[in-house]
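J.: Chains X and D are the protein sequences, given in the same order.
The opening position of the first sequence corresponds to residue 477 in my numbering, with each subsequent residue numbered one higher.
The opening position of the second sequence corresponds to residue 420 in my numbering, with each subsequent residue numbered one higher.
Since the hints were derived computationally from the structure, they do not count as laboratory data.
Since this is a predicted model, take the numbers as computed values, not measurements.
Treat each hint with caution, since some may be false.
Unchecked claim - In silico DSSO-like pairs for lysine-lysine, Cα to Cα no more than 30 Å straight-line:
1) LYS433/D - LYS498/X
2) LYS577/X - LYS533/X
3) LYS498/X - LYS490/D
4) LYS433/D - LYS518/X
5) LYS490/D - LYS577/X
6) LYS514/D - LYS544/X
7) LYS518/X - LYS476/D
8) LYS533/X - LYS514/D
9) LYS514/D - LYS547/X
10) LYS518/X - LYS534/X
11) LYS534/X - LYS514/D
As a plain string of letters, each chain reads:
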Amino acid sequence: GENVEQHPSTLSVQEGDSAVIKCTYSDSASNYFPWYKQELGKRPQLIIDIRSNVGEKKDQRIAVTLNKTAKHFSLHITETQPEDSAVYFCAASESYTGFQKLVFGTGTRLLVSP
Amino acid sequence: NAGVTQTPKFQVLKTGQSMTLQCAQDMNHNSMYWYRQDPGMGLRLIYYSASEGTTDKGEVPNGYNVSRLNKREFSLRLESAAPSQTSVYFCASSKGTANQPQHFGDGTRLSIL
Chain X
477 GENVEQHPST LSVQEGDSAV IKCTYSDSAS NYFPWYKQEL GKRPQLIIDI RSNVGEKKDQ
537 RIAVTLNKTA KHFSLHITET QPEDSAVYFC AASESYTGFQ KLVFGTGTRL LVSP
Chain D
420 NAGVTQTPKF QVLKTGQSMT LQCAQDMNHN SMYWYRQDPG MGLRLIYYSA SEGTTDKGEV
480 PNGYNVSRLN KREFSLRLES AAPSQTSVYF CASSKGTANQ PQHFGDGTRL SIL
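Required output: the full structure, derived from the provided sequences and hints.
T.: Below is the structure:
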């Protein structure tokens, strides 16, 4: 089955710096890669996702890149702000007819200091 | 439009007690999922329902059962709770078509003594 590894487990940056979180996956059949942000005590919320037919996707200060050959994908946050502080999870899945079985990484705790 | 609603938000059980966690979505989604979240381990899939009338095991199904009551509701049952089942449980739903995002509820924090 799919296995997703995520690094680093913690990341501390200064406000305005960039942050990069990296994930690798094992199943070459995986074709959907979402990223979730989870604030303390709250639900995971989707912040961006990418399909396997796309190499890069950007939404304002957030971007995700995908390298299918190397089986890794990364989250890039530019101009970080204190409100970006949270735990970020990557996930991967093979999309079956009608549903996905997401396998999550173990999370990265991002701390943005003012 | 509430999205995904879970009840209860918190629960304390004694070992051996039974409990049903409730989940309902109002987005007309076909697929629903139950996850557990433990410190340092991310979210792990317990059971899922690809569509109304079907359920299947995920990564960690032992000790749990599920019921897809109708299109809106998907419940998770612990028949005989064990301390190892202390966790935060999240329900999620998705449209059920290819590569559509999953939307999560607020979670149920369950402690088993």
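J.: A separate judgement is required for each hint: does it hold in the structure or not?
T.: Now for the hints, and whether the structure bears them out:
1. LYS433/D - LYS498/X: violated, 40 Å
2. LYS577/X - LYS533/X: Given pair LYS577/X, LYS533/X holds - Cα atoms ~22 Å apart, limit 30 Å.
3. LYS498/X - LYS490/D: violated, 36 Å
4. LYS433/D - LYS518/X: Holds. LYS433/D to LYS518/X sits at ~25 Å (cutoff 30 Å).
5. LYS490/D - LYS577/X: The given pair, whose Cα atoms are some 19 Å apart, holds under the 30 Å limit.
6. LYS514/D - LYS544/X: With a Cα-Cα distance of about 25 Å, the restraint between LYS514/D and LYS544/X holds, given a limit of 30 Å.
7. LYS518/X - LYS476/D: With Cα atoms ~26 Å apart, LYS518/X and LYS476/D stay inside 30 Å; holds.
8. LYS533/X - LYS514/D: The given pair, whose Cα atoms are some 22 Å apart, holds under the 30 Å limit.
9. LYS514/D - LYS547/X: holds, 26 Å
10. LYS518/X - LYS534/X: It holds: about 25 Å lies between the C-alpha atoms, which stays within 30 Å.
11. LYS534/X - LYS514/D: holds, 23 Å
Violated hints, in rising order: 1, 3; the structure is consistent with all others.
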